[in-house]
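Going down the list, the protein sequences come from chains A and B.
If you read the first sequence in the working numbering, its first letter stands for residue 4, the second for the next number, and so on.
If you read the second sequence in the working numbering, its first letter stands for residue 55, the second for the next number, and so on.
Treat the hints with caution; some may be incorrect.
Far from chain B by the CB rule (all over 12 angstroms, computed), these chain A residues [to be verified]:
#1 Q41
#2 G46
#3 Q48
#4 K52
#5 G65
#6 T75
#7 E91
#8 C94
#9 Q105
#10 V108
#11 T111
#12 G112
Here's a subset of chain B near chain A, in silico, CB distances under 8 angstroms, partners left out [what the hints assert, rightly or not]:
#13 G94
#14 L114
#15 D117
#16 F119
#17 F160
Calculated pairs, SDA-like style, for lysine to any residue (alpha carbon to alpha carbon, straight line, at most 20 angstroms) [unchecked claim]:
#18 B:K111 / A:K52
#19 B:K65 / A:G46
#20 A:K52 / B:K65
#21 B:K111 / A:Q5
#22 B:K111 / A:A4
#23 A:K52 / B:A85
#24 A:K61 / B:K65
Hints were generated in silico from the structure; no laboratory data involved.
We put the CB at the ideal spot given by N, CA and C, even for glycine.
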Amino acid sequence: AQSVTQLDSQVPVFEEAPVELRCNYSSSVSVYLFWYVQYPNQGLQLLLKYLSGSTLVKGINGFEAEFNKSQTSFHLRKPSVHISDTAEYFCAVIGRLNTGFQKLVFGTGTRLLVSP
Amino acid sequence: GAGVSQSPSNKVTEKGKDVELRCDPISGHTALYWYRQSLGQGLEFLIYFQGNSAPDKSGLPSDRFSAERTGGSVSTLTIQRTQQEDSAVYLCASSSNQGITGELFFGEGSRLTVL
Numbered sequence: 004a005q006s007v008t009q010l011d012s013q014v015p016v017f018e019e020a021p022v023e024l025r026c027n028y029s030s031s032v033s034v035y036l037f038w039y040v041q042y043p044n045q046g047l048q049l050l051l052k053y054l055s056g057s058t059l060v061k062g063i064n065g066f067e068a069e070f071n072k073s074q075t076s077f078h079l080r081k082p083s084v085h086i087s088d089t090a091e092y093f094c095a096v097i098g099r100l101n102t103g104f105q106k107l108v109f110g111t112g113t114r115l116l117v118s119p
Numbered sequence: 055g056a057g058v059s060q061s062p063s064n065k066v067t068e069k070g071k072d073v074e075l076r077c078d079p080i081s082g083h084t085a086l087y088w089y090r091q092s093l094g095q096g097l098e099f100l101i102y103f104q105g106n107s108a109p110d111k112s113g114l115p116s117d118r119f120s121a122e123r124t125g126g127s128v129s130t131l132t133i134q135r136t137q138q139e140d141s142a143v144y145l146c147a148s149s150s151n152q153g154i155t156g157e158l159f160f161g162e163g164s165r166l167t168v169l
């Protein structure tokens, strides 16, 4: 089974400052990793995903994340945030197995609050 | 449809009543998922459908919860004899495959409040 830990429930940051949202996972098998974003009063949408290849993945709206297998982490970063980035961010993991259904397991979310 | 549609968007009910939540996935998506989002709890997996069958019901919290999917499309999540701890946002998602490497498309959710 897999699990995801997002230690920061809320991250306040000023506009144009850099931000890092932390995500650590636990799994006995290789994994695929995802970040989803939920804007106020909207459904979740995929921000970026790591399946294979380069450990640095880029997503929408200038976000990027780096897969670190040794540290079992997949932290999300943005060099300069905007007010419009205010949202809840969820890290998610799924086991890389070829048989059976593997459910997408989510962390508890990190609320990013960007202020002017 | 263009996106995943869920209804009702908001439901307030009294303890002990039954509720039905509906999900209309993206046309052609064979996989459908129900998750529950509670404050501070993240997203909790409830059930997964591939077509009309549910290979994984492991997340349903009790036998008061059931779900069905008909015609490989619309799904209904039913909660019988609702309790206050059932209050949450119920999210539905669909994908074009089993979602192993694909993207899940989420609806905006049904917010359930049990008084």
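Chain B versus E91 of chain A - minimum CB to CB distance exceeding 12 angstroms, so not interface: Label violated. Min Cβ-Cβ 10 angstroms, cutoff 12 angstroms.
Non-interface claim for G65 of chain A: all C-beta distances to chain B beyond 12 angstroms? 19 angstroms, holds
Classify the label on G112 of chain A as holds or violated, using whether its beta-carbon is more than 12 angstroms from each beta-carbon of chain B. At roughly 6 angstroms from the nearest Cβ of chain B, G112 of chain A sits no farther out than 12 angstroms, so the non-interface label is violated.
Identify whether the interface hint at L114 of chain B stands, where standing means a beta carbon of chain A within less than 8 angstroms of its own. Result: violated, 13 angstroms to nearest chain A Cβ.
Is it the case that T111 of chain A keeps its Cβ farther than 12 angstroms from each residue Cβ in chain B? About 4 angstroms separates T111 of chain A from the closest Cβ of chain B, which leaves it inside 12 angstroms; violated.
Taken at face value, is the distance from the CA of K65 of chain B to the CA of K61 of chain A at most 20 angstroms? 38 angstroms, violated
Take the C-alpha atoms of K111 of chain B and K52 of chain A, compute the straight-line distance between them, and say whether it is at most 20 angstroms. This hinted pair is violated, its Cα atoms lying about 26 angstroms apart.
Is it true that the CA of K111 of chain B sits at most 20 angstroms from the CA of Q5 of chain A? Given pair K111 of chain B, Q5 of chain A holds - Cα atoms ~17 angstroms apart, limit 20 angstroms.
Distal placement of C94 of chain A relative to chain B, Cβ over 12 angstroms: 10 angstroms, violated
Take a quick look at whether K111 of chain B and A4 of chain A sit within 20 angstroms of each other, Cα to Cα. 16 angstroms, holds
Does G46 of chain A lie within 20 angstroms of K65 of chain B when you go C-alpha to C-alpha? Roughly 17 angstroms between the alpha carbons, so the hint for K65 of chain B and G46 of chain A holds.
Go through the hint on F119 of chain B and say holds or violated, using the shortest Cβ distance to chain A against 8 angstroms. 16 angstroms, violated
When the structure is compared with the earlier hints, violations turn up for hints 1, 2, 3, 4, 7, 8, 9, 10, 11, 12, 14, 15, 16, 18, 20, 24 and for no others.
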